[in-house]
Structures are given as C-alpha cells and as structure tokens.
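> Please construct the entire structure, taking both the sequences and the accompanying hints into account.
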Amino acid sequence: MDTQASDARPVLEGPDIARVLTRIAHEIVERAKGADDVVLLGIPTRGVFLARRLAAKLEQITERKVPVGSLDITMYRDDLRMHPPRALARTEIPGDGIDGRLVVLVDDVLFSGRTIRAALDALNDIGRPRAVQLAVLVDRGHRELPIRADYVGKNLPTSLRETVKVQLAEEDGRDTVLLGAKRTAPGAQH
Amino acid sequence: MQRHLISAADLTRDDAVLILDTAEEMARVADRPIKKLPTLRGRTVVNLFFEDSTRTRISFEAAEKRLSADVINFTAKGSSVSKGESLKDTAQTLEAMGVDAVVIRHSASGAPYRLATSGWIDAAVINAGDGTHQHPTQALLDAFTMRRRLVGRDAGLGQDLAGKRITIVGDVLHSRVARSNVDLLHTLGAEVTLVAPPTLLPVGVETWPCAVSYDLDSTLPKSDAVMMLRVQRERMNAAFFPTEREYSRRYGLDGERMARMPEHAIVMHPGPMVRGMEITAEVADSDRCTVVEQVANGVSIRMAVLYLLLGGNEPAVAHPSPSSESRTTEEK
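Heads up: the sequence lines are chains A and B, in that order.
FYI, our numbering numbers position 90 of the first sequence as 90, with every residue one higher than the one before it.
FYI, our numbering numbers position 332 of the second sequence as 1332, with every residue one higher than the one before it.
Think of the hints as simulated: they come from the structure by calculation, not from any bench.
These numbers come from a predicted model, not from an experiment.
Hints may contain errors.
Stated by the list, open to error - Listed next, the in silico EDC-like pairs over lysine to aspartate or glutamate satisfying Cα-Cα at most 16 Å (straight line):
hint	chain 1	residue 1	chain 2	residue 2
1	B	K1077	B	E1051
2	B	K1222	B	E1263
3	B	K1065	B	D1100
4	A	K182	B	E1330
5	A	K165	B	E1331
6	B	K1164	B	E1191
7	A	K182	B	E1331
8	B	K1088	B	D1122
9	A	K57	A	E30
10	B	K1036	A	D121
11	A	K165	A	E13
12	B	K1222	B	E1191
13	B	K1164	B	E1263
14	A	K57	A	D16
15	A	K165	B	E1330
16	B	K1164	B	D1224
17	B	K1035	A	D125
18	A	K33	A	E59
19	B	K1035	A	D121
20	A	K154	A	E27
21	B	K1036	B	D1070
22	A	K57	A	E27
23	A	K33	A	E63
24	A	K154	A	D16
25	B	K1036	A	D125
26	A	K154	A	D175
27	B	K1065	A	D125
Written out as structure tokens, the structure is:
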C-alpha cells in the first residue's frame, strides 16, 4: 500500500499548500460570518497540523484567537476488527468545549468518508455543536458514504490504483502532496 | 502470539509503555460527560470471580462498560462451582456461549494460565489475581500512577520508569501485588527494594530482579515511591511476626517516617488499607498518598488492556508493535 518513491509525482508543493489554506481560511470567515464561534478540530496526525495552520491564518484575518484541538477517531472506526488495534492518538478539546459552536473538522485527505463518519460519532460523545463542517486539503473521490467536504483545498480525481500521500513539514520535513501508483505485493489480490 | 494477560513478567518494555500510553488516552474519556466508547460493541466479556473482590471486579466492569462490551458477571458463590463443577466445565460452558474474553480471579495460583493454555476455551484470558502468583493489571495501574506522579502526565508519554527507586514494604510472601510489581517495574527500568520481616519473604526471593532489606528506615530517604502492602491475615496460617504492634513499629508507615522520604516521593497502597497497622490515618489521608488515584487509574489501565487485547482482529500486546505511523490515506 506504499507509494513507490520513483513514480510518485507531486501535485501540490509547499507554496500551493500555503495558498489553499489561506483560501480555506477566508472561505470559513465568509461562511461563518466572522468565525466568532468557530472551533477547529484536526484529525490526527496530519489533520492536526493543518488545523493549527488554519487557526493561525484565521487569527491573522479576524485578529481573534480561534480555539484549535485534535480529535482521535481510532476507537470509533467501523473496521476495528479488521486490523490489530493501533496506538491511540491525542484527543484535545479546547477548554470551552464544543457545545453550541461551529466545529470545523480538518483532515488531509477525504477518500471513503469513513474517517469523517467516525469523527461525527466521536463528536456526538463530546458535546453538541451548533453545526459541523469539514475542511480537507485533498478530496480524491471514491466516497463510500454520503459525506462531502465544505472546504476543499484541491479536488484530485484519482483511480483506486493510485495513492495520495500528504507530507507536512511538522511530521515529514517538507510540504507536498504526492500522487503515485499503488505498489502491489507479489501475490496480493485486489 | 500473546492473546492473554497472565503475568506482568510476560510484558516487554514496549508492551508496557504502549499500555500506559493507551491508558493515558483512556483516562481522558473519564473526564468527559459521556464516559463511553463504542470500541468493543458486540464483544462479550465474562468476569469470572472464584474469589471475592468487589474492588477489582467493579473496576473491570466499569472498564468493560465504558468500552461498550457486553458484560456477564459470574461469582462462584451460589453458582454450580459450589455444587462441585470444575474449572474445565465452567470454561466449556462459557465457550459454548461464545464469550470473547474472560477476566478471571481465582484463589489457586496458575488457574488463569491453565484456562488460557489448556485449549478449553478460545477467548482471551485476563488474570485478575491468582493466589499468591500475579495480578498484572494492578502492577500496571501502580506503574501508571508512578509515571504520572514522578515523570509527569504528558511528559510521561512514551517513557518508562528508568532510574526511579521504588520500595515495596510488608507481606511480600502472600502478595501477588508485590510479585507482579517487581516483574513490571524491573521491565520498566526502575530499581525495586523489598522491605519485609524475613518471615514474610518468599523462598528464592534472592533470584528476583530486586534488592531486599529488613530495615525500612534506611531505605526511605532514597525512595521515589513507597508501596505499602496489606498484611493478609486471611492468608496467614502461622505466626509470621510476634504481634501486630511489633510489626507496626518496624514496618508501619507513620507521619514521622513519611517525613524522612524525599519531598517528591509518593506513598502507595493497593488497598484495602488496614489503618493503624501498615499505614497510619495521617499518612493515608495526606496528599502524598495515591490510594484514591490508584483506583481511578485502575479503570483506565483495564480499558487500555481490553482495547489492546480485544479491540482489533489480533492483540496488539506482545506482538510486532502496531504501526505507530499515522493512518494511511487508504483508510480515509
């Protein structure tokens, strides 16, 4: 399931990522009419970094601090019994909670939609937001659930034989989105 | 492949740290208004208690319910066991009911091991205390409490207890808590000293990975944590010390002794406490005493163990460690 370094080609580079995040920040301010009650929740791992970057941009635009947190959805996944349990990531809800707020979920890639479904379940257990919106850096299609993003950095039509890999400076040392061919293990079935 | 949790000695350092880190996240669930996760929905866990233990049973039950497992409580009293049914028959009954995990407490050392290895049952077996042998989740919750207090809540993530000096005082002979703690704390890199009257030390203690002392007063100033054990009168079939007063004078922890401990050092007790004998009320009620915290931490640890053993299609403990890498985009 890994991307072969040789045939992976970048579809977004550092400056592009910064630009689309700026655009998303402006879109959030416009739609939320000032982002007064916005809370950003990133989905680990890379969604959290994107949420923090978005929060910084929202602060620049609105000159107000925007609460940002992280929401680990591991224990809400519907495919838990298909893999060994994975180490949990951090769930950090801003001090004032999410009740009555506009929660913007932030993730790097939107694919089947199952992660977002799990995130909606997780939110349910934590509080009752006024509304929930979704911001993603890349929408690669192939949804398995009726879920769509409110803010999309880049729509990237892909085939199921391709992989999308997002790298961010905080975790991977550089900002890029790579599109590659799925490596098939010898004898593996599709 | 490790499917069961029978002994603290079976855990590698990485396993133990993974459990402690997972418990740290589980503890956050306890701070929420809705203390529930859907993780073990549809899984059945049996609490099979052949020996009375309200504290451990409700701790496991709380953990199981917070993870949405279906819980069946079985106590030997009033069951077919009192009519003479064997462990094997009980196990096979549970197997026929399709249980996914058995949490077992038994007065016979080795009963959980027998249950896990005999082929009577397919479920994961978690030892909740067997005779004088092991009580691994107790050792884990003690280590968790120490890591939180001595290393730090967030700073502790990924850390073990390397270099921490832990003193365990009292009835080591009858204590599965002491045995489990020595195993686990050694794995986590701590230096353990057992302090007890010679009559309350088991044969072969010199082969354990710890130091042994008969003198509490000289050990206290170099301890980061002091764990007092309960004097288990119910397991004592002979006179192990002259009088309770004598024991209390030499091995009891009072305010004066506590003052000799370093400023940051904590006092632990697995409970239930016998106030006035192994620990005075003054010490038990001080904020250096972590007894109540240990109870709360017990639920988080048991949630972590249940999640790591049952949460996926195979256990994450004692297994090539689950990918610490973030979710792949293939799952999104």
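> What are the numbers of the hints the structure violates, in ascending order?
none
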